[in-house]
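The listed protein sequences correspond, in order, to chains F and C. Just so we're on the same page, the numbering used here is the position in the first sequence counted from 1, plus 2. Just so we're on the same page, the numbering used here is the position in the second sequence counted from 1, plus 2.
Warning: the hint list may mix true and false statements.
If chains are identical, the list can't say which one is meant, so a pair holds when it fits in one copy or spans any two.
Here are the simulated BS3-like cross-link-like pairs (lysine-lysine), alpha carbons at most 27 Å apart as the crow flies [as the list claims (entries may be wrong)]:
#1 LYS508 x LYS308
#2 LYS363 x LYS337
#3 LYS181 x LYS154
#4 LYS363 x LYS308
#5 LYS181 x LYS235
#6 LYS363 x LYS385
#7 LYS508 x LYS493
#8 LYS337 x LYS308
Derived from the structure by calculation, the hints contain no laboratory data.
Number of protein chains: 2
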Amino acid sequence: MPLKIALAQINFLVGNINANLDNIATAAIYARDQLHADMIVFPELAITGYPAEDLLFRPDFIEAANNAIYQLAERVADIAMVVGFPERDGDQLYNSAVVLQQGVILACYRKQALPNYGVFDEQRYFTAGTLPGVFEFNGHFIGLTICEDVWKSGIIDATKQAGAELLLTLNASPFNSGKSHQREAVVCQQASASQIPLLYVNQVGGQDELIFDGASFATDANGHIVFRAAEFKEQISVIEFTGNQPIPSICAPLYQEISSEYHALVLGIKDYVRKNGFHGALLGLSGGIDSALVLALAVDALGADKVEAVLMPSRYTLDMSNEDAVQEALALGVKYHCIPIEPAVNAFTGMLADVFAGTAKDTTEENIQARCRGVILMALSNKQGKLLLTTGNKSEMSVGYATLYGDMAGGFAPLKDVPKLLVYQLSRYRNTLSEVIPERVITRPPSAELAPDQIDADSLPPYDILDPILERYIEQDLSAEQIIAAGFAPKDVARAIQLVDRNEYKRRQSPPGIKISSRAFGRDRRYPITSGYRGI
Amino acid sequence: MPLKIALAQINFLVGNINANLDNIATAAIYARDQLHADMIVFPELAITGYPAEDLLFRPDFIEAANNAIYQLAERVADIAMVVGFPERDGDQLYNSAVVLQQGVILACYRKQALPNYGVFDEQRYFTAGTLPGVFEFNGHFIGLTICEDVWKSGIIDATKQAGAELLLTLNASPFNSGKSHQREAVVCQQASASQIPLLYVNQVGGQDELIFDGASFATDANGHIVFRAAEFKEQISVIEFTGNQPIPSICAPLYQEISSEYHALVLGIKDYVRKNGFHGALLGLSGGIDSALVLALAVDALGADKVEAVLMPSRYTLDMSNEDAVQEALALGVKYHCIPIEPAVNAFTGMLADVFAGTAKDTTEENIQARCRGVILMALSNKQGKLLLTTGNKSEMSVGYATLYGDMAGGFAPLKDVPKLLVYQLSRYRNTLSEVIPERVITRPPSAELAPDQIDADSLPPYDILDPILERYIEQDLSAEQIIAAGFAPKDVARAIQLVDRNEYKRRQSPPGIKISSRAFGRDRRYPITSGYRGI
Numbered sequence: 003m004p005l006k007i008a009l010a011q012i013n014f015l016v017g018n019i020n021a022n023l024d025n026i027a028t029a030a031i032y033a034r035d036q037l038h039a040d041m042i043v044f045p046e047l048a049i050t051g052y053p054a055e056d057l058l059f060r061p062d063f064i065e066a067a068n069n070a071i072y073q074l075a076e077r078v079a080d081i082a083m084v085v086g087f088p089e090r091d092g093d094q095l096y097n098s099a100v101v102l103q104q105g106v107i108l109a110c111y112r113k114q115a116l117p118n119y120g121v122f123d124e125q126r127y128f129t130a131g132t133l134p135g136v137f138e139f140n141g142h143f144i145g146l147t148i149c150e151d152v153w154k155s156g157i158i159d160a161t162k163q164a165g166a167e168l169l170l171t172l173n174a175s176p177f178n179s180g181k182s183h184q185r186e187a188v189v190c191q192q193a194s195a196s197q198i199p200l201l202y203v204n205q206v207g208g209q210d211e212l213i214f215d216g217a218s219f220a221t222d223a224n225g226h227i228v229f230r231a232a233e234f235k236e237q238i239s240v241i242e243f244t245g246n247q248p249i250p251s252i253c254a255p256l257y258q259e260i261s262s263e264y265h266a267l268v269l270g271i272k273d274y275v276r277k278n279g280f281h282g283a284l285l286g287l288s289g290g291i292d293s294a295l296v297l298a299l300a301v302d303a304l305g306a307d308k309v310e311a312v313l314m315p316s317r318y319t320l321d322m323s324n325e326d327a328v329q330e331a332l333a334l335g336v337k338y339h340c341i342p343i344e345p346a347v348n349a350f351t352g353m354l355a356d357v358f359a360g361t362a363k364d365t366t367e368e369n370i371q372a373r374c375r376g377v378i379l380m381a382l383s384n385k386q387g388k389l390l391l392t393t394g395n396k397s398e399m400s401v402g403y404a405t406l407y408g409d410m411a412g413g414f415a416p417l418k419d420v421p422k423l424l425v426y427q428l429s430r431y432r433n434t435l436s437e438v439i440p441e442r443v444i445t446r447p448p449s450a451e452l453a454p455d456q457i458d459a460d461s462l463p464p465y466d467i468l469d470p471i472l473e474r475y476i477e478q479d480l481s482a483e484q485i486i487a488a489g490f491a492p493k494d495v496a497r498a499i500q501l502v503d504r505n506e507y508k509r510r511q512s513p514p515g516i517k518i519s520s521r522a523f524g525r526d527r528r529y530p531i532t533s534g535y536r537g538i
Numbered sequence: 003m004p005l006k007i008a009l010a011q012i013n014f015l016v017g018n019i020n021a022n023l024d025n026i027a028t029a030a031i032y033a034r035d036q037l038h039a040d041m042i043v044f045p046e047l048a049i050t051g052y053p054a055e056d057l058l059f060r061p062d063f064i065e066a067a068n069n070a071i072y073q074l075a076e077r078v079a080d081i082a083m084v085v086g087f088p089e090r091d092g093d094q095l096y097n098s099a100v101v102l103q104q105g106v107i108l109a110c111y112r113k114q115a116l117p118n119y120g121v122f123d124e125q126r127y128f129t130a131g132t133l134p135g136v137f138e139f140n141g142h143f144i145g146l147t148i149c150e151d152v153w154k155s156g157i158i159d160a161t162k163q164a165g166a167e168l169l170l171t172l173n174a175s176p177f178n179s180g181k182s183h184q185r186e187a188v189v190c191q192q193a194s195a196s197q198i199p200l201l202y203v204n205q206v207g208g209q210d211e212l213i214f215d216g217a218s219f220a221t222d223a224n225g226h227i228v229f230r231a232a233e234f235k236e237q238i239s240v241i242e243f244t245g246n247q248p249i250p251s252i253c254a255p256l257y258q259e260i261s262s263e264y265h266a267l268v269l270g271i272k273d274y275v276r277k278n279g280f281h282g283a284l285l286g287l288s289g290g291i292d293s294a295l296v297l298a299l300a301v302d303a304l305g306a307d308k309v310e311a312v313l314m315p316s317r318y319t320l321d322m323s324n325e326d327a328v329q330e331a332l333a334l335g336v337k338y339h340c341i342p343i344e345p346a347v348n349a350f351t352g353m354l355a356d357v358f359a360g361t362a363k364d365t366t367e368e369n370i371q372a373r374c375r376g377v378i379l380m381a382l383s384n385k386q387g388k389l390l391l392t393t394g395n396k397s398e399m400s401v402g403y404a405t406l407y408g409d410m411a412g413g414f415a416p417l418k419d420v421p422k423l424l425v426y427q428l429s430r431y432r433n434t435l436s437e438v439i440p441e442r443v444i445t446r447p448p449s450a451e452l453a454p455d456q457i458d459a460d461s462l463p464p465y466d467i468l469d470p471i472l473e474r475y476i477e478q479d480l481s482a483e484q485i486i487a488a489g490f491a492p493k494d495v496a497r498a499i500q501l502v503d504r505n506e507y508k509r510r511q512s513p514p515g516i517k518i519s520s521r522a523f524g525r526d527r528r529y530p531i532t533s534g535y536r537g538i
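Same shape as in the complex, but just chain F (with noise of 0.2 Å):
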């Protein structure tokens, strides 16, 4: 009889670990009695979803992912399962895979190599393994890893000198733009380095800022991917082995990059509302290009139905915005209001008269029309438990170019890791699938509109120059001197870099977004507010 595995490319809940074990349970059954495998490997941590950060601190939340594991067992019979689950061993915590069968455990592997960069911190929490895990199945030699110790060299020929002669990794491993290539890169180069077949078994699903593509694949011994899931979506599938080598079989495609990033924005609005139980999601819309993307992304992610669109003008709001958003609104089909912020912004303007007397308006006045519409947004959030999603993207987070309580208002960022120029090709990607964003929202000068005649170009160095030096300095840790080596204008470096180091506090501030990028905003980039560090 040939060997079935089975991959489980599913989406899990952090912290729910009774309904990640109904959901294992039932992917296992399925593979079981539909797929007819005889074993079936889900990902990383499946037990408790990943990342549970500082849940793992909760003897209670421990105690219950351990005792998950023993139910698992006695529950599902008649097919091996391969679990991520934190293992409790008195005092120590470990990252472990264990093997499940007829309600025994057959192998419990301990993850050795313990990410502690970028988004991830688990030195934070667990001690890492020291030992390669082998275990025989069926007179086959299977290697245990987990996510982290197949991208470093030696934790994969050290479990083949160990006996493997087939390898399943437990992963889950978060998206950036090109991730799924590099991935397949390194881990495909790394499997025929050690002449071993790999499979790559990856989550899938957003999680607060993350987002886990799927992906998962198989290699065999030369590093030639035979099977890959599709990227975003949950699936179940089966590989057949002759001997030890896997089977080609259906090999998805894997997205272009401006394809990819869409896909991971709308997954990662579509779990942030379900996962947190909201009725739907609400937006700004202004007739400018970031609130026209989000609505398109939201309305992909959520449905027509679940998204609303409401319109706040004020007296430098020009006609064509309002016309603009008005036709984005009807273009997908969404519910729209239309609420003017005049009189409260006259109010306001009123009960500061007297302590502003004598001094010059300045952005002040400026961010309170937009804390004016922050009030309203949130009003209509609180009133109908919709999410309200902010529409400012990376380059104005970088800079500083929103208000604080005001734009920035709201439970969700998707645009948060998505630079301006990547927004304008963003739009243009979803206007390939539909038209739904007006030619001339992509074409009209950036504006605020919260001056006369106001736009983005006023205030900082054009997109397309601005964008290309905050990658340097943000994601690459270039200095200013390198930035203009490269061929920047000093003046420009220098604008950028100074919004960048001063506006570290109205980013602590935002809300959670999606991560696209090599570094993005939140857990990934770790700055001090009270900094004497100067950039320039």
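Starting from the known structure of chain F, arrange chain C on it as the hints suggest.
For chain C alone, coordinates are given in the frame of chain F:
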């Protein structure tokens, strides 16, 4: 000639290497010329400030820090300097202590124990050293350790085995209530167990969420404290030795717990305002106890002329609240404005009348009031360049009894880690220094005054029940079962835990506040927002 070693308990600015370098050089020259010291010991990572967080990933920053060490070596002669810095060696970064003398590096020690729990992320940045550090200086064999090293067993012993007769410890050890006693107990026990005298140098100052309390000390080989620097203040002192034994000198007393908490909060406000370049601070003064305490703290931190209070009554504000608020401002000599919020609330009510038609009043209407206050306070903050202090306490932050973008709007939250019962204690403590908080404010039942005759106890268990439940759930990670077993009513436990679980999203967007407990919200407690975990 007996050995004289100075301790530099100094306040650094994270990220400003040039300023820190100047600070270090000035202190060294002072110790040499005024105190006739042979050597001066600075805190952990003094050259960058602690914690520099992801600034440590910037190659330009690390290069500047390493260059600064060479500059310092050349700049100050005739005194040995022991300085903490991030040592680059190839691809690795170490948390190191370098000994500089007459322009050369006499020794360099790499921290072995890298804390990666609580607020610490040192394994994100540093590679652990593996060797004890001992150097000879004027015939003395001196050991080097850094902070966590002396909390772990084994490292002091190994350093003594390597020849050390006297131990220096460079620290950046953050405050929490009771920490100074705990720190001395642990370190003195270790010194005594290894029978080695020890000089413990801690930094002082506020850095975002953290307070470093100083309280540097020296212990003899029997673990008896023979010198202690003041808490919460800069101090450069010299310890004289007979052989390797420190000669007893002035021991500053340790504050009582309540007093240390008050001082920590004052220092936190002072340094956040000063280091971030604000012109002062302002806050909304409601007549409630939280804002009364924050006002007193702010005045004690900054002086009355740098603090401004704003009364923003609504139709639900009782006369006594306004009276008490005015009395507080007068007692502390603080300028205040009164800006009733009714016009803005009415404007929003009118603007939302259509969309809200047919819906019942709920917390939405309460939140609108709080958000109108947020807009006013932020407008004043923007216009004047003053830091807006929020006044919410830890109990409210825990259960989400606060309005996002409303009373949570602001740059800094002094009471974020102060539970309500401690707010009362701190207020009474402050009144023992001078009567600034009216007795009625302390004794009346707390109310948000967002609806008629509202008191907190309508929505929450009384604070003398709520606070101990919260401490057990949040700080001690106890389960609902365990808390109930400790004698709390199941319904109170359920209510408290449900609210804590549900309100992570609010905490994530709250301003930073000052850690004074064993576990504060912020970097210290990292919970997922999207979470299926239910503590009850």
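key: Numbered hints the structure breaks, given as an ascending list   = none
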